[in-house]
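Produce the complete structure using the sequences and hints provided.
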Amino acid sequence: MSAAREDVGAAEAAQPRPRWRADWLGLFGDWTGIILLVAIVVAAGWLRGATIWPQAVGLDEAPYDDEGVYAAAAQLLAEGRQPYRDYFFAHPPLGPVFFAPATEYRFTNWGSPTTFILLRY
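Numbering (the numbering used here), first residue to last: 109 to 229.
No wet-lab data here; the hints were simulated from the structure. Be a bit skeptical, because a hint or two may be false.
Computed Cβ-Cβ distance ranges for the label pairs, DEER-style [said to hold, decoys possible]: (1) Tyr213 - Trp139: 33 to 39 Å; (2) Pro200 - Val150: 24 to 30 Å; (3) Gln190 - Asn217: 16 to 22 Å; (4) Gly141 - Glu169: 20 to 26 Å; (5) Pro209 - Gly176: 17 to 23 Å; (6) Trp154 - Trp218: 30 to 36 Å; (7) Ile142 - Asn217: 45 to 51 Å; (8) Ala180 - Trp139: 41 to 47 Å; (9) Thr140 - Gly176: 38 to 44 Å; (10) Ile142 - Phe215: 38 to 44 Å.
Backbone N, C-alpha and C fix where the C-beta goes; we use that ideal spot for every residue, glycine too.
Following this line, the structure appears as structure tokens:
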């Protein structure tokens, strides 16, 4: 019976890996996939930065909805109010936490253009 198990094991070992798996491993086996991913992230960052640098250009671009919500929540968080407890906040909680340091850096009671552009940066 053990000879039959050895034959099955040898047959499984002789079968080649699926082609998609070999291609996937080959892509990241060399550095081309990682370099391509880094290049895409850098290009996306440059495209976003080109629309908001310098500050005067960045303030001319209209904010999108979530950006304003997170800016207001970060401002309230900097004032000591807690989301979900002290005000209605229908977004995930980490956004205001990440934006709070920029709000603290240039804190004004009602926010300011400088604080808003720091949040964008």
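Discussion item. Can you tell me whether the CB distance of glutamine 190 to asparagine 217 sits inside 16 to 22 Å?
Written reply: At roughly 18 Å between Cβ atoms, asparagine 217 and glutamine 190 fall inside 16 to 22 Å, so the hint holds.
Fill in: CB-CB spacing for glutamate 169 and glycine 141 relative to the 20 to 26 Å hint
The hint (20 to 26 Å, Cβ to Cβ) is violated, given that glycine 141 and glutamate 169 are roughly 33 Å apart.
Worksheet entry | Range hint compliance [Cβ, proline 209 to glycine 176, 17 to 23 Å] | Distance hint for proline 209, glycine 176 holds at roughly 18 Å.
Fill in: Range agreement (Cβ of tryptophan 139 with Cβ of alanine 180, hint 41 to 47 Å)
43 Å, holds
Item to complete: Could you say whether the range 38 to 44 Å given as a hint is met by the Cβ separation of isoleucine 142 and phenylalanine 215?
Response: The hinted range 38 to 44 Å holds for isoleucine 142 and phenylalanine 215, with Cβ atoms some 40 Å apart.
Fill in: Status of the given 38 to 44 Å range, CB of glycine 176 versus CB of threonine 140
40 Å, holds
Fill in: Beta-carbon spacing of isoleucine 142 to asparagine 217 - inside the hinted bounds 45 to 51 Å or not
At roughly 46 Å between Cβ atoms, asparagine 217 and isoleucine 142 fall inside 45 to 51 Å, so the hint holds.
Worksheet item: Could one say that the CB atoms of tyrosine 213 and tryptophan 139 fall in the range 33 to 39 Å?
Response: At roughly 38 Å between Cβ atoms, tryptophan 139 and tyrosine 213 fall inside 33 to 39 Å, so the hint holds.
Worksheet item: For the pair tryptophan 154 and tryptophan 218, does the Cβ-Cβ distance stay inside 30 to 36 Å?
Response: Between tryptophan 154 and tryptophan 218, where Cβ atoms are some 33 Å apart, the hint holds.
Item to complete: For the range 24 to 30 Å, tell me whether the beta carbons of proline 200 and valine 150 fit it or not.
Response: The hinted range 24 to 30 Å holds for proline 200 and valine 150, with Cβ atoms some 26 Å apart.
In summary, the structure is inconsistent with hint 4 from the numbered list given earlier, while agreeing with all the others.
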